[in-house]
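Respectively, the protein sequence lines represent chains Y and C.
Residue numbers 1 to 744, in the working numbering, belong to the letters of the first sequence in order.
Residue numbers 1 to 744, in the working numbering, belong to the letters of the second sequence in order.
Do not rely on the hints blindly, as some may be mistaken.
Below, computed lysine-lysine pairings styled on DSSO-like, alpha-carbon distance capped at 30 angstroms [unchecked claim]:
| hint | chain 1 | residue 1 | chain 2 | residue 2 |
| --- | --- | --- | --- | --- |
| 1 | Y | LYS582 | C | LYS582 |
| 2 | C | LYS326 | Y | LYS326 |
| 3 | Y | LYS147 | Y | LYS252 |
Incomplete in silico selection of chain Y near chain C, CB under 7 angstroms [what the hints assert, rightly or not]:
| hint | residue |
| --- | --- |
| 4 | ARG53 |
| 5 | GLU54 |
| 6 | ILE325 |
| 7 | GLN456 |
| 8 | VAL567 |
| 9 | ILE568 |
| 10 | GLU569 |
| 11 | THR571 |
| 12 | LEU581 |
| 13 | ARG583 |
| 14 | SER638 |
For the record, the hints were derived by calculation from the structure and aren't laboratory data.
Just so we're clear, the structure is a prediction, and the values are computed from it rather than from any experiment.
Backbone N, C-alpha and C define an ideal beta-carbon position, used for all residues, glycine too.
2 protein chains.
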Amino acid sequence: MGCYAAAFRHDGRRKVKLPQGLLCALLCLLAAWVANAQGSSHPRLLLTAAEVRENADSWRQSEYFSALLKRTQERVDSYFQTAPEVPWPKDAGGGYTHEQHKRNAAAVWDAGLLYLWTGEPEYSNHVRGLLLAYSDLYPSLPEHPQKKEQAPGRLFWQSLNEAVWLVNSILGYDAVYESLSTADRSRIESRLFRNMVEFLSVESPQTFDRIHNHGAWAAAAVGMTGYVLNDSGYVNRALLGLKQDGSAGFLKQLDELLSPGGYYQEGPYYQRYALMPLVLFAKAIEQNEPERRIFDYRGGVLRKAIHTTLQLSYNGKFFPINDAIKDKGLDTFELDYAIPIAWGLTLEPSLLSLLEGRGTLALTGDGLRMARAWEAGLGAPFAYASIQLRDGPEGGGGALSIMRSGSHPGHAALVFKATSQGMGHGHFDRLNWLYYDNGREIISDYGAARFLNIVQKNGGHYLPENNSWAKQTVAHNTLVVDHNSHFGGVLQAAEEAAPDTHFFHLGEQTQIASAREANAYPGVEFTRTVMLLKSQAFPAPLVVDILKVRGNTAHQYDLPLYYQGQVIESTPPLVAASTTLKRVGNSNGYQHLWLRARNTIERGVKYSHTWLAGNRFYTWSQIANARLSVLMTETGASDPEFNLRHEPGLLFRVEDANRVTFVGALETHGEYNGAREFTTGSGSRIAAIRRFGAGDKDLIQIETITGERLCLAFSYDADTSKTHAISLPDGNFAWAGFHRRFSC
Amino acid sequence: MGCYAAAFRHDGRRKVKLPQGLLCALLCLLAAWVANAQGSSHPRLLLTAAEVRENADSWRQSEYFSALLKRTQERVDSYFQTAPEVPWPKDAGGGYTHEQHKRNAAAVWDAGLLYLWTGEPEYSNHVRGLLLAYSDLYPSLPEHPQKKEQAPGRLFWQSLNEAVWLVNSILGYDAVYESLSTADRSRIESRLFRNMVEFLSVESPQTFDRIHNHGAWAAAAVGMTGYVLNDSGYVNRALLGLKQDGSAGFLKQLDELLSPGGYYQEGPYYQRYALMPLVLFAKAIEQNEPERRIFDYRGGVLRKAIHTTLQLSYNGKFFPINDAIKDKGLDTFELDYAIPIAWGLTLEPSLLSLLEGRGTLALTGDGLRMARAWEAGLGAPFAYASIQLRDGPEGGGGALSIMRSGSHPGHAALVFKATSQGMGHGHFDRLNWLYYDNGREIISDYGAARFLNIVQKNGGHYLPENNSWAKQTVAHNTLVVDHNSHFGGVLQAAEEAAPDTHFFHLGEQTQIASAREANAYPGVEFTRTVMLLKSQAFPAPLVVDILKVRGNTAHQYDLPLYYQGQVIESTPPLVAASTTLKRVGNSNGYQHLWLRARNTIERGVKYSHTWLAGNRFYTWSQIANARLSVLMTETGASDPEFNLRHEPGLLFRVEDANRVTFVGALETHGEYNGAREFTTGSGSRIAAIRRFGAGDKDLIQIETITGERLCLAFSYDADTSKTHAISLPDGNFAWAGFHRRFSC
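Chain Y extracted, bound-state conformation (with noise of 0.2 angstroms):
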């Protein structure tokens, strides 16, 4: 408590802790009312000194607010309880040191905060504290002994560690800027802050320059400190690259990173991280340059972003799509950030929404309007949309599509994904699909192999089963053929070429999305086409698949299906593995998966998959219009450190074809009730799929055991002029455009 500093040398970890006097806590409170009683000129970040003083008294009566503050106040005072340790850099990510140096910053902004709000000098003090010993470590710094290859850091292994620790400092420097003397500032500033900007940028020019998202945090790092610093060169530097004719820098960042929708081409794990440079720096530029509209730059595609970051999610969780951990959601720190400065921008009330349940807000001007807003009853419930996302910087490399059967609580989402291969984090899965009802994953994506921050496992990195398993097309719910992965699993390969989105339709009792995939294998053409459907003869929506391989020579054909649930039925029965389990390959992801089951269903007969998950049942069934082996798979072979989850999954194959059709449908039906003990609908409903081609159409007909019937016909061309046909025994069928359901 009090004023401290501590002053740390790189020979060890000796502090020094200056002794606590009454001037000292004198001149802090002093400074504190200086700042509050004139008009200061900080901070000017994230918010404005008008801004603390406007809401000086008001925010107590925010309940909300108040227990955040709380909550924050309880967790810095615990970390300065002692003071900090500041160490000499030694480890890498999830290490000691590693740790520690985020924590440090982090607890320099969260204290930051607290004396704007509360004007309590002991978190000044904290803050003048570390950045101090800051000050003193940084200048002697040599290149992080643990250096990543590609962008080594100093404080951290990599450099991105580094410009996301001055960003975090500098807003907490911005918070108490005004209480320091002018002594302490010019040493935290010549030898902290120009060091690493310095560093940040002009020594780094391949990561400063590079459209990325370490580049994002960058350009943020090194413009928000040039606010706070009066240094324009560093703005600019921020917004248009080092040579400052917009090659590179924020500005581009915006332009290339972001599809014009605002959808991030990593997938939405990545998005939400991608989205928190890009958020704060432009709120900072929004304070300190308006004239710049920032927020309506290009089409106002950073206020897409956010919104479009809160789409990508289901039960308030990430669609899984690419390298992701699983738990991340609506509820993580970027959000907390990104949610106010939305709200801030367009007041909407379905934002408002998104504070029910959570713990945590920026605790920002905007963070307290919001709860206040949100506490006066002004909030609408967010409404979830079916919409496609087009990836790509122009907005041409392919598409998510996003099918809801509504935005109440509990709706089923189905994901299409047929976008771009999205750099490194991406995943080989042209055309994958996930499904998610009742508030679960329904049809799944296994994400990424990590556990992250968790050092027993690879130190908390990507595990090597990420590129063995997860990344490879055999993990996820879209076509392998001849056991290889999507461009042979080749990531510049992949990066060339998107999948053509030739069609998408959002009806009220039918949604389509459906994709071309011409490049992930030489010789080989598929077309997917997913429906969310309606309809009377079913209790709830149903799911219809149709995938159209055209191969110019013979291929093995496997199509996986992951599900989550207990299996409850299969028909034909699988025969099961019982007393010996071998893997379904060897390669490609193929020699991570058991084989459980097997059987063999003959051309167009249907094989139809019951489970339970949750309280609801779920059926698969599959047609092909050749021979079909089913397997039942479970991951975890080949793992020799047990870093895979146990997780079922399905894989349809047909062996030796050249053009094959694969016709599925996902049925949710019924209730289990183990506390009431009543269990009803636990079989499907359909009788029987059946596939009628005719050249390139296709007409679909799905027939339930009470006899109803759905037609669903195809022409898989999108050009509404041109009408199409097919004559079935039981009548004609004609339309125009891609598709069209009838009674039949």
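For this one, chain Y is given, so just place chain C on it according to the hints.
Just chain C now, kept in the frame of chain Y:
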């Protein structure tokens, strides 16, 4: 809506619906008015006419009760939208006719309750219609075509279901009695209820006079019918058995089914079920013959049984020992009645807290008063306790010990099972244990192999794997000798003897339960001592487990441990079976275990196994005074119908030894926070576990990585007058009685 009667013939499902006339409605209203205006003689089972009158208006002031009632109304209104079928009995449990008769009985009860509270004649008409239909059907019914051998029914395949049906229906009839004409009453009573009573009692002596929960249901059905029909002969038969001499019947059930503390030998899952007829009939006895003081009978065993049922749970779910479906818990139907009845007797504030988040409760006077008390803020948190529950009618059949770290949500609970066998639903798992923490199962029991009411899964009955896996010893966390289950897996042998529960101690820092099993295997005796310890050396409660096995010849000793979570680390590392999985054995449950990995650990060397469950880490550390094989297992082998869940386990094996002592410890540590991206304390703090034996005495020393030591000395002799000592190079340890804890 309105009055109607449905009549059904056994040659079909024909429905006859009488016209709904004004006269009919007026008669119904008149009858309801008469019932409410006069001192009515009915209802007289779970609530009285006086209770209903008293609360006729005021129940609407309870939001909770009104909401319950409204939900029941919605359900019942929807059920009676078309006249429910009363089909000719045909199907076994789970089939249509079985479920339909169950649904009808529940609807009769519900509609009766609604009639009492709302006075709406449509509800009494629903009851009347169904009961008249059953009056037409019942007299002509032969034995059920799917009859179960031991106790066939007529409406149902077993008489148990028929007794439950009668309990439901007589409650509905009691509720609407005053609204019915004499002719209707006479028809329903003579054709339906009296026939059923005779069938369930005189004609089914093997069930009626059996001391078993089936007998309790029959007694409740007959006795409650006796009260409603004013037939004291039925009541006496129910209370005292067919001979009316007390050799059977309800009072004998109360004497013998429950232990003096209110524990039911089959375990919590069936305790919940067995409780239902006991408390319903007891409540009816209390209403009609308060002078019997039935709730004080045998030291208040029924009150104790209700409380015991509540204590036999963690985070709302029952401890799943013996045959148990794991999703059953305090939210079940049976407790909707038991909880308010207990509250009506005791007005214990802690029972009120069980209404928090509870969506269902009995629509009785007790239920209403309880809801109002809760709404008035009179509740207190339920006091989950550390207790030992003696088993057996005299308490001499072993015990179930529950040790808790507190009563707060997320507290840790250690369950030690040293009970008697528990009849046909008992598992062969003497001295098994379970552990809960942070709201989750940590060390788990498989429970029963059954999907309740799911017809595809063996008609919803117990699966073959219940015998071949779930009941077998190797499916539990206890000793298996020579690959064979306790008592050779023979029920009769197991029923003959219970473990010797020789020690139980509840201290502030130390809770201990110890028991000895000498009958499970000829020539082998084993003593197990489990402890829940608080210690400054550990951040969370520590479990210590000492299993001492003495064989008079050499045996193979297997000690399984089933945990829930994802493996983080095994030290020394186990060697995984990467390309082929084999089974651990081929009989007595071993055939269901895949052998995933193994290693051999030298005598005295510690094996430790860390996993992640929820957001916490757990480490099990094991030593033995013999060479130890460590096997990592997973359930799912020899499972042709995919009936088993796939769950991980460890199996510690000592081959070819006479005497062995296994010492294990379970730590809870650290935090994994995915949303906030941090992990703390993911590693074990135990550096070493050492055992120093001296004769039959042991000193266990646990040393942490920071050098703290915890020493636990055991004589295994509860006689506190005896003193004991062990001398070590470090010092001498002396104590009196069973155990002592030392700083060392």
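Each hint tested on the structure:
1. Y:LYS582 / C:LYS582: With Cα atoms ~9 angstroms apart, Y:LYS582 and C:LYS582 stay inside 30 angstroms; holds.
2. C:LYS326 / Y:LYS326: Holds. C:LYS326 to Y:LYS326 sits at ~26 angstroms (cutoff 30 angstroms).
3. Y:LYS147 / Y:LYS252: The hint holds at about 28 angstroms.
4. ARG53: The hint is violated - Y:ARG53 has no Cβ within 7 angstroms of chain C, the shortest such distance being about 31 angstroms.
5. GLU54: With a closest approach of 30 angstroms, the Y:GLU54 hint is violated.
6. ILE325: With a closest approach of 6 angstroms, the Y:ILE325 hint holds.
7. GLN456: Since the shortest Cβ distance to chain C is 4 angstroms, the answer is holds.
8. VAL567: 4 angstroms, holds
9. ILE568: 5 angstroms, holds
10. GLU569: 4 angstroms, holds
11. THR571: This hint is violated: Y:THR571 lies away from chain C, its Cβ roughly 9 angstroms from the closest one there, beyond 7 angstroms.
12. LEU581: 4 angstroms, holds
13. ARG583: Because about 6 angstroms separates Y:ARG583 from the closest Cβ in chain C, which is inside the 7 angstroms limit, the hint holds.
14. SER638: 5 angstroms, holds
The structure fails hints 4, 5 and 11 (numbered hints given earlier, in ascending order).
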